[in-house]
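> Protein sequence lines, in the order shown, are assigned to chains A, B and C.
Quick note: the first sequence uses this note's numbering, first residue 1058, plus one each step.
Quick note: the second sequence uses this note's numbering, first residue 1058, plus one each step.
Quick note: the third sequence uses this note's numbering, first residue 1058, plus one each step.
No incorrect hints appear here.
When chains are identical, the list treats them as one kind, so a pair holds in a single copy or across two.
Using 30 Å as the maximum straight-line C-alpha spacing, the simulated DSBU-like pairs for lysine-lysine come out as follows: (1) Lys-1193 to Lys-1268; (2) Lys-1171 to Lys-1129; (3) Lys-1193 to Lys-1166; (4) Lys-1319 to Lys-1248; (5) Lys-1290 to Lys-1248; (6) Lys-1248 to Lys-1287; (7) Lys-1248 to Lys-1073; (8) Lys-1268 to Lys-1248; (9) Lys-1073 to Lys-1268; (10) Lys-1166 to Lys-1129; (11) Lys-1193 to Lys-1234; (12) Lys-1193 to Lys-1073.
None of these hints come from the bench; they were simulated from the model.
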Amino acid sequence: MDARSLSGILTDVRAKRPLVHHITNYVTVNDCANVTLCIGAAPVMAHAHDEVAEMVAMAGALVLNIGTLDHKQVDSMMAAGHRANDLDVPIILDPVGAGATRLRTETAKLLLHKLHISVLKGNAGEIATLAGAEGKVRGVDSAGVSGDPAEIARGLAEKLGIVVAVSGATDIVTDGKRVIFVDNGHEMMGKLSGTGCMASSISGAFAAASKDHVASTAAALAAFGVAGEKAAKRCEGPASFKIALLDETYRLTADEVSRGIKVRFA
Amino acid sequence: MDARSLSGILTDVRAKRPLVHHITNYVTVNDCANVTLCIGAAPVMAHAHDEVAEMVAMAGALVLNIGTLDHKQVDSMMAAGHRANDLDVPIILDPVGAGATRLRTETAKLLLHKLHISVLKGNAGEIATLAGAEGKVRGVDSAGVSGDPAEIARGLAEKLGIVVAVSGATDIVTDGKRVIFVDNGHEMMGKLSGTGCMASSISGAFAAASKDHVASTAAALAAFGVAGEKAAKRCEGPASFKIALLDETYRLTADEVSRGIKVRFA
Amino acid sequence: MDARSLSGILTDVRAKRPLVHHITNYVTVNDCANVTLCIGAAPVMAHAHDEVAEMVAMAGALVLNIGTLDHKQVDSMMAAGHRANDLDVPIILDPVGAGATRLRTETAKLLLHKLHISVLKGNAGEIATLAGAEGKVRGVDSAGVSGDPAEIARGLAEKLGIVVAVSGATDIVTDGKRVIFVDNGHEMMGKLSGTGCMASSISGAFAAASKDHVASTAAALAAFGVAGEKAAKRCEGPASFKIALLDETYRLTADEVSRGIKVRFA
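Given these sequences and hints, build the entire structure.
Now the structure itself:
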């Protein structure tokens, strides 16, 4: 795995145009749909218990995001997740707000326990909470971790046998053995709602295009980060940044990712 | 009916400012609200079983969109729809994803069977599915139809005694006798989430302003298409296109529609 | 209280960065999240009955918005509201559509009766309805009031012992004794969906930063209005206006508010 092979995954996403089934929150759902289209995949949002198993069977990836969770949604996530596991459709779990409330923490743990999750992607506080380390989450924001996030993530990935990604100024992606640091992105991405959720959607699209989910997740976060860097050059605040971010995601080429990617292999 | 009479309906929408009651999906609901305002009507979104009959009684049109369906929502759609029928409020049905899952296909059929729908507006795969023809739908996208979409739509419209519209590069509107082809629009409209839903909202606003629903639907799609053509001239990707599309919908004049409209009567 | 002290509250919001817990509608929820971030606070949206009491305990304010109401949501609003009252977390109630349907009117009254609401903020029709005066609401828009909105609001505030705010070309804020008129804002703010909801979110952020809720609400509406005036100078329609409005909210300084604020004390 090197930077060039990572940037090639974008080309595969666009060639394959995978369907990415989301069961997600109603706050950022429109951004998730649009970023999925912009990166070159096809989004579908469906949450009814009756249809999720059928919908996920068409999909290249399933994105579970607990940002506005309730019990009914958990049931649907379980139904979709079991079917996804049966069909080897990779699942991305974004444990939004795990650590802030018991419902979120326990739901994230339940999903991790009952389903085979391919990629768990959260902020440092969420990941630390799920690793049993000391992590604080206020609302949906990380509010501090004691310990090294990379080591916490690596340990959790090793224990669960999955890929764990930690979003932040430097993103961390690890399968318990390999650890990749992604330095792409821009601080503007933290000034608006939804960039974390969008990164999970893109990680879903990339997971549908490459079976190496350390590579696919690192590539997804790097690609989105490169788009963010370009967008930051022509915005006047968080809202115009979001517009530019989506546009740049759409315009992004594998060549630009290849030139702009900043990854370090630990 | 000619191009000039079609473009006059926009003037009527703005004079009447009809309330358009939506029971719709949570992915594109904000776009639907804003495009309804931009075209000159007033949106309201209300889904509680307890209030939909009361709300629709104030409305000039009811838009039912099954993009993020569940059983509870179907009950509310039925309640609102029955009241709409009693009061002669036209109903627009957007059968998002019919053909992709049984729940969506059967719900769309149920609504078509139990309610008097004025306008059924979907993509080629959805309409073919509901016509009993061979149509494929992947997620919420048409994935191919065998047969001529115009003939499939015409047959379905004739059978059900309603207006059927098929969205696509060329939109088709038919009541089973008349068939109108609308060549307005721009390929950018397919690059973002929500343009189909927005077209249904506008079709609702136009249906509230004109009782000839072949004319009102063709006029709605043409007007939105003209706005799309204007928007495409000043965008840098799908997100800036959406902003421009809403702005151009707001700025659109009947005169511009009259000059820009491209309809063919078959 | 004077204009300078009002504009200082923005500085306090940014220093404190309060968490603003929303139980709100799915139409404008993304705008609410983003405007909360732009003004310098932190949004969280959580509606599950199981977690709202826990979430609101972290919050500086609770915003209840009934724009897409159902019974389950009312239960969650009650649970969150009781906990907020126990912990002295101020509650902002936006009674969207009260007067349009019985469910909305009765829910707004229930929340006002069972909870201690700090700030009730609605349009003239909604406030008149809740005051028992003659107010008409069509969908979610005020459709006329007989009587003086300021006097109606003042009487309601006095009777309930709360702060009442009426949005409009001139906003009115009163605690039953003091009445403040806020002349900031721009007519473009009425051309798009969500500005009323966003104003409630900002009022929540300001209520978390100042215990004088007449002052905090007037300051919130004035600050958002100043941002709106700036945004109107560089937009081409409602959608580009919304982008500019969010950007200008983010860029807004206490000094700009101090220079631009237009309040009259009655």
